[in-house]
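Asks: Top line first, the protein sequences correspond to chains E and U.
Numbered as in our numbering, the first sequence ends at 356 without a single skipped number.
Numbered as in our numbering, the second sequence ends at 712 without a single skipped number.
No lab work stands behind these hints: they were computed from the structure.
Keep in mind that the hints are not guaranteed to be accurate.
[Said to hold, decoys possible] Simulated crosslink set (SDA-like; lysine to any residue; CA at most 25 angstroms straight-line):
id: 1; chain 1: E; residue 1: LYS353; chain 2: U; residue 2: LYS684
id: 2; chain 1: U; residue 1: LYS669; chain 2: E; residue 2: ASP322
id: 3; chain 1: U; residue 1: LYS641; chain 2: E; residue 2: ILE226
id: 4; chain 1: E; residue 1: LYS328; chain 2: U; residue 2: LYS707
id: 5; chain 1: E; residue 1: LYS313; chain 2: U; residue 2: ASP381
id: 6; chain 1: E; residue 1: LYS104; chain 2: E; residue 2: GLY304
[To be verified] Not everything, but these chain E residues come out facing chain U in the computed CB check (under 7 angstroms):
id: 7; residue: LEU221
id: 8; residue: GLY225
id: 9; residue: TYR229
id: 10; residue: VAL317
id: 11; residue: ASP318
id: 12; residue: ILE320
id: 13; residue: ASP330
id: 14; residue: ILE334
id: 15; residue: TYR335
id: 16; residue: LYS344
id: 17; residue: ILE346
id: 18; residue: VAL350
In this text, a Cβ means the ideal position worked out from N, Cα and C, and glycines have one as well.
There are 2 protein chains.
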Amino acid sequence: MNKNYYAVLMAGGVGSRFWPISTADYPKQFHDMLGAGSTLIQKTFERLNTFVPTENILILTNERYNDLVLEQLPQVTQEQVVLEPAMRNTAPCILYAALKIKKKNPNAVMIVAPSDHWIEDKDAFAKDVEACFKKCETEQVLCTLGITPTFANTGFGYIEFDKATGHGLKKVEQFREKPDYETAKSFLAQGNFLWNAGIFIWSVETIVQAFKTYQREQYALFEKGIPAYNTPEEKAFIESHYPQAENISIDYAILEKSPAIFVLAASFDWNDLGTWGSLYGKLDKDPDGNALVGARLLAQDATGNMVRTKKGKIVVVDGINDYIIVDKEDVLLIYPKRKEQDIKQIVAGVKEKFGT
Amino acid sequence: MNKNYYAVLMAGGVGSRFWPISTADYPKQFHDMLGAGSTLIQKTFERLNTFVPTENILILTNERYNDLVLEQLPQVTQEQVVLEPAMRNTAPCILYAALKIKKKNPNAVMIVAPSDHWIEDKDAFAKDVEACFKKCETEQVLCTLGITPTFANTGFGYIEFDKATGHGLKKVEQFREKPDYETAKSFLAQGNFLWNAGIFIWSVETIVQAFKTYQREQYALFEKGIPAYNTPEEKAFIESHYPQAENISIDYAILEKSPAIFVLAASFDWNDLGTWGSLYGKLDKDPDGNALVGARLLAQDATGNMVRTKKGKIVVVDGINDYIIVDKEDVLLIYPKRKEQDIKQIVAGVKEKFGT
Chain E
1 MNKNYYAVLM AGGVGSRFWP ISTADYPKQF HDMLGAGSTL IQKTFERLNT
51 FVPTENILIL TNERYNDLVL EQLPQVTQEQ VVLEPAMRNT APCILYAALK
101 IKKKNPNAVM IVAPSDHWIE DKDAFAKDVE ACFKKCETEQ VLCTLGITPT
151 FANTGFGYIE FDKATGHGLK KVEQFREKPD YETAKSFLAQ GNFLWNAGIF
201 IWSVETIVQA FKTYQREQYA LFEKGIPAYN TPEEKAFIES HYPQAENISI
251 DYAILEKSPA IFVLAASFDW NDLGTWGSLY GKLDKDPDGN ALVGARLLAQ
301 DATGNMVRTK KGKIVVVDGI NDYIIVDKED VLLIYPKRKE QDIKQIVAGV
351 KEKFGT
Chain U
357 MNKNYYAVLM AGGVGSRFWP ISTADYPKQF HDMLGAGSTL IQKTFERLNT
407 FVPTENILIL TNERYNDLVL EQLPQVTQEQ VVLEPAMRNT APCILYAALK
457 IKKKNPNAVM IVAPSDHWIE DKDAFAKDVE ACFKKCETEQ VLCTLGITPT
507 FANTGFGYIE FDKATGHGLK KVEQFREKPD YETAKSFLAQ GNFLWNAGIF
557 IWSVETIVQA FKTYQREQYA LFEKGIPAYN TPEEKAFIES HYPQAENISI
607 DYAILEKSPA IFVLAASFDW NDLGTWGSLY GKLDKDPDGN ALVGARLLAQ
657 DATGNMVRTK KGKIVVVDGI NDYIIVDKED VLLIYPKRKE QDIKQIVAGV
707 KEKFGT
């Protein structure tokens, strides 16, 4: 494996649309959402680890998930777990991780990737990422993997690329925020739009230079820590300085400003597993179109349901169609799939009504 | 308390319409179906124990429930638990219990009562039963408590009484099997029909005499055991002889044959808790008409549901109306209330599909 290859897994999110399985104490990436025998972060780590050396994979997460990371990824040392003492969106933590990596290896190229997405084809993923790594090793560019849209999804940001660029990596024209439905349809019609999957590839040299150029203040804040990074002094520095960082995403901070961005249309199947419905889409179905994780289902006049329970629990349903049925030790959710976006709000409702 | 008062609690049933809570291993009478803090058999025992001495209450049940009885009724000794080595309907076990009691106390009067019904008003219950006890102490009659029908229920047997009899205990004309709907309506219109609640009162002298007269063979079978009853020899006798007994109900064996039967219209509220729906009827409802046992409910567009879970479990439902939602450790049931009679069959379906 190439010693210059690094990966940064983003593992600080809460995934509140997957309540009650995903909670602030135990979010989605630490669950075996697909019933596949390993959790999403384990799957993601494994996928990257086919071409990135184990010790070169960093996990960016919140302090409260430190133990979960070490428990689920026993091959990782505490030094590889980069903890944000405060929630400051993606830009500060990416800069911080890049500076840590650069101090170790100034020739590093790195991938930044979410830890909670579904990608089945490891080989295609490795091939695409390595193509970007190669470009970033030789050119001062920022790369991203885009997903070829399958429908006019209004829940994703889009990446518009230059139609004139040939095969492979294409020059990005602009990043476009989540569009309304009509706009999304026009994006699809134009043919040069990809979904932004939050997967970025660059050399540490280039990304640090980009921060220097486009986020001078933020760069100055984290630059002061360089002598401390990867030493026992790092913790104290980060605890006092990190909270001062501007709360800004990498998209706004860098990608929308830089002129040298390239996108590669992913050659693998991808799903952000953003909702119970998208998970349903990825799972095998029984003949009635019910998708089961853990549960053993006896269904009468019941189709299109997403049923999740602990392993082996028997679920008997009659006359329930297109529902999300999720059973946990202390919570049972029976909710229409079409309202899956509202699940986020239930958490607040439950807190208000029951104080938990 | 009157030392001649005895009670026999029938506690061998399975209550399969209350699956998955009630199972063959742990039937309905041993569950706190109402979320009241005690189980149905505990409630029943308590109700009888206000006028029947503790040591005069026998529990008739199947061998497999012996431990459950002793655990839930710690005031009861093993001698009070009368175990049927085989399922032979109600006649044999009532005769057996009557002979045991008669041997101890030939002047005994006894009540036979189901252990899994709901009766809230203990005082009214005691008053009605004592009125029957008094009659049975002085006259050679069989008494029963009937329930004034509130609707044309086709699920119960009916007792037709002689309109001419005055206040209080009325002479029974005949027992009528579960009627069809039109017949049930005509019963209600006639005004001299009560529901058969399976509560019987008689002296041991009279019931034994009735068996002698109307069930000669059965009497002969159990008569042979008299020297053994209430001694260490009883167990061996019952194990060899009980299985030979005819499988017949007390209604067919005695009540439909005897000319000296009286019925008292119960002055208490009664519910047989035969189905989830009848339980729903007895429980308090939240403002949306949802009845909860154990569960804490967050309901959106959800009314008329019967929800039972372990204590404190949060249940979130949306768009579910008039359903039975029952959650147990290993089983979750989501079933329309109107199909509650089919729940019995689910057990077979689950066994067939999952082998458990």
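Asks: In ascending order, which of the hints set out earlier in this document are inconsistent with the structure?
Replies: Per hint list: 3, 6, 7, 8, 9 and 16 violated.
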